[in-house]
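Top to bottom, those sequences are chains A and B. Each residue of the first sequence is one higher than the last, beginning at 1 in the working numbering. Each residue of the second sequence is one higher than the last, beginning at 1 in the working numbering.
These are computed hints drawn from the structure, not numbers from a lab. The reader is advised that the hints may include incorrect statements.
Said to hold, decoys possible - Derived lysine to aspartate or glutamate pairs resembling DMTMM-like cross-links, with alpha carbons at most 20 angstroms apart:
no.: 1; chain 1: B; residue 1: K97; chain 2: B; residue 2: D87
no.: 2; chain 1: A; residue 1: K126; chain 2: A; residue 2: E109
no.: 3; chain 1: A; residue 1: K276; chain 2: A; residue 2: E263
no.: 4; chain 1: A; residue 1: K276; chain 2: B; residue 2: D87
no.: 5; chain 1: A; residue 1: K190; chain 2: A; residue 2: E175
no.: 6; chain 1: A; residue 1: K276; chain 2: B; residue 2: E153
no.: 7; chain 1: A; residue 1: K190; chain 2: A; residue 2: D177
no.: 8; chain 1: A; residue 1: K276; chain 2: B; residue 2: D154
To be verified - Reference listing, derived: stretches of chain A covered by chain B, where coverage requires no fewer than 3 residues with Cβ under 8 angstroms from a Cβ of chain B:
no.: 9; region: 58-70
no.: 10; region: 75-89
Said to hold, decoys possible - Partner residues are not named here, just some residues of chain B that face chain A (Cβ under 7 angstroms, in silico):
no.: 11; residue: A135
no.: 12; residue: Q138
no.: 13; residue: R206
no.: 14; residue: G259
no.: 15; residue: H298
Beta carbons are placed, not taken as given, at the ideal position from N, Cα and C, and that holds for glycine.
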Amino acid sequence: MSTILVIEQILNGLQFGVMLFLMAAGLTLIFGVMGLINLAHGSLYMVGAFAAAAVAGATGSFLLGLIAALAAAALAGALVELVVIRRIYNAPHLDQVLATFALILIFSEGTRWIFGSFPLFLDIPKALSGPVTLPGGIQYPLYRLTLIGIGLLIAIGLWALIERTRLGIQIRAGENDREMIAALGVDISKLYTFVFALGAALAGLAGALVGAIQSVQVGMGEPVLILAFVVIVIGGIGSIRGAFIGALLVGLTDTLGGVFLPEFFKLFMETGAAQKTGSALASMGIYVLMGLVLIWRPTGLFGARA
Amino acid sequence: MRLSEPLVNTIVLAGLLAVPLYALVVDEPFTITLATRAAILALAAVGLNILLGIGGLVSFGHAVFFGIGGYAMGILAFHAQTYTTLDLAVFTTEGTKSMPVIWLVAMGLSAAIAFLIGLLSLRTSGVYFIMITLAFGQMFFYFAISWAQYGGEDGLSIYVRNGFPGLNTLVPIQFFGICFTILCITLFLKARLQASSFGLALNAARQTPARVETVGLNPTRLKLLAFVISGAITGLAGALFADLNRFVSPTMFSWQLSGELIVLIIIGGVGRLMGPVIGACIFVALEHFLGGLTEFWHVYLGIILLCIVLFGRGGVIGLLTGKVGAHV
Chain A
1 MSTILVIEQI LNGLQFGVML FLMAAGLTLI FGVMGLINLA HGSLYMVGAF AAAAVAGATG
61 SFLLGLIAAL AAAALAGALV ELVVIRRIYN APHLDQVLAT FALILIFSEG TRWIFGSFPL
121 FLDIPKALSG PVTLPGGIQY PLYRLTLIGI GLLIAIGLWA LIERTRLGIQ IRAGENDREM
181 IAALGVDISK LYTFVFALGA ALAGLAGALV GAIQSVQVGM GEPVLILAFV VIVIGGIGSI
241 RGAFIGALLV GLTDTLGGVF LPEFFKLFME TGAAQKTGSA LASMGIYVLM GLVLIWRPTG
301 LFGARA
Chain B
1 MRLSEPLVNT IVLAGLLAVP LYALVVDEPF TITLATRAAI LALAAVGLNI LLGIGGLVSF
61 GHAVFFGIGG YAMGILAFHA QTYTTLDLAV FTTEGTKSMP VIWLVAMGLS AAIAFLIGLL
121 SLRTSGVYFI MITLAFGQMF FYFAISWAQY GGEDGLSIYV RNGFPGLNTL VPIQFFGICF
181 TILCITLFLK ARLQASSFGL ALNAARQTPA RVETVGLNPT RLKLLAFVIS GAITGLAGAL
241 FADLNRFVSP TMFSWQLSGE LIVLIIIGGV GRLMGPVIGA CIFVALEHFL GGLTEFWHVY
301 LGIILLCIVL FGRGGVIGLL TGKVGAHV
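Turn these sequences into a full structure, and let the hints guide you.
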């Protein structure tokens, strides 16, 4: 157990965390502004990954793939908002869960219909492949490092958008009192479509970026969706800052737990049993974390409302 | 056409009984299996409906109890079929192939876990509650995957269906009889529960918790009890489902299953006694017929669901009886 390994795993955890943040930010914005629980967010992640894989495969350009992912996910998001979501803003949560569950079925099977059941592959662009040497002699994949950078940049961008622009003021006002902001002359339905498409684009981007290190396949969105839920429950629903902190916590807990818990149990158990117990506990680690946070603060770290 | 709800209820149960009996006459054992599947899924959803319909709590993690029931059956039967002992920290025991024992264990374990999950989840409400129950479901799912002793990701196969005194459970119609009887008993008890003072208080806790508190009842405690009862019923259904397939795997814990249980209730009608039953029959029929037509039947299921949510409030029973709301 060397320091190099520890730092490597922390970086892996950070990379996982910032990608979760891209998903969680959209979810929490959509919930905060429109009061909507969107299970289909994972499908938008998948749409982004498939669009990137298809376009990058056809043109050979990863950048074009990313642009396609953003466009496809934003478009799918806007379309879904206009056709379905718009009708269920004021519906009970149960209806929202069902309608978006139905959307998952449609998206997943529809994608399987178009692309087949076999996973697609999205290659890491040449310029970003291979390792870089960090200070201290640590070799780390450049692509993963880039992901951390992109994630942090987007976090800052989102913060600036929400806190420093006119649009951000409208979004925050929409969270507080949607009737009042409508009365003040803001076209609330356009704002909603925009926020939904923005969240969708972030999810699609995350899907495309992660798609290059994992395989692109139907059903890839749901595990991430559930982790993103854990993130926003920990961070407090509606809070971008909470989503960021929550995402890093979950990313680090998941990654570090998987590596270090088995090692920890080896200290006082025989190797085979320690491996089993450790990995079983590690897979439950983030849910334990969530449970602890909720006992301490039932509305999450930065959540104001129940 | 407007039918009274008791009439619809009778027709549904009679239909669920008639199909396998007809299948027995024309010798189509697979149809009996489908009906058994519908009865078991209905039972699981009846459990969830106590929480969802009366208590208004959307649990998106009820597959936990379905899975616990399944694994209770799987583990007990696994030790019985391999003649190994089950080591439970405090004492060791033999496995068993006896259904009644397995059912009791499944219900007891599910109730205990439901108590713990409920204790934590009921600290929250609304969307938090939905997400937390979902997260607990995933926790159990991943635990089952990493539980190598009992098959991990591949699950456990049980070669011979467990026994019930006096019956040959390997005969499809006899096993259907067991499941159908349990479903009817549970429905009867659920109707009694809903009309009992506990049921009324739970109903009131959903509508106006403040008033319930004012008359001296504790809404959280009512909901916790509902959660435990609900979990135990779904756990029993899980044990039966595992016995139907003679197989348990982590998919019994999957979040899709939790979603499908909710879907069953919505198709039938929320809070209705027979909502889950009619929903389960329609779901299994859709799965069978649409699944036979196209591999991608989930697309159609999704579209049907969307239409129910957007246009058809009250589900099938609401449509037949002409009443949208289940509650007076």
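Note to self: Next item in the hint list is R206 of chain B. Is there a CB on chain A closer than 7 angstroms to its CB?
What the structure shows: violated (11 angstroms)
Next item on the list: Starting from K190 of chain A, check that the Cα of D177 of chain A is at most 20 angstroms away, please.
Entry: holds (16 angstroms)
Checklist line | Interface hint compliance - Q138 of chain B to chain A, C-beta minimum distance less than 7 angstroms | finding: holds (5 angstroms)
Checklist line | Closest C-beta approach of A135 of chain B to chain A relative to 7 angstroms, hint status | finding: holds (5 angstroms)
Check: Going by Cβ atoms only, is H298 of chain B closer than 7 angstroms to chain A?
Finding: holds (4 angstroms)
Next item on the list: Given the hint that K190 of chain A pairs with E175 of chain A, test it: the Cα-Cα distance must not exceed 20 angstroms.
Entry: holds (15 angstroms)
Checklist line | Pair hint outcome, K97 of chain B versus D87 of chain B [Cα-Cα no greater than 20 angstroms] | finding: holds (17 angstroms)
Margin query: Just to be careful, I want the Cα atoms of K276 of chain A and E263 of chain A compared with a cutoff of 20 angstroms; is the pair within it?
Written below: Holds, at roughly 11 angstroms.
Next item on the list: Could you grab the alpha-carbon distance between K276 of chain A and D87 of chain B and see if it respects the 20 angstroms cut-off?
Entry: The hint holds at about 17 angstroms.
Note to self: Just to be careful, I want the Cα atoms of K276 of chain A and E153 of chain B compared with a cutoff of 20 angstroms; is the pair within it?
What the structure shows: holds (14 angstroms)
Margin query: Tell me if the straight-line CA distance from K276 of chain A to D154 of chain B falls inside 20 angstroms.
Written below: holds (16 angstroms)
Check: Under a C-beta cut-off of less than 8 angstroms, do 3 or more residues of the region 75-89 of chain A approach chain B closely enough to confirm the stated coverage?
Finding: holds (count 3)
Of the numbered hints stated above, those contradicted by the structure are hints 2, 9, 13, listed in ascending order.
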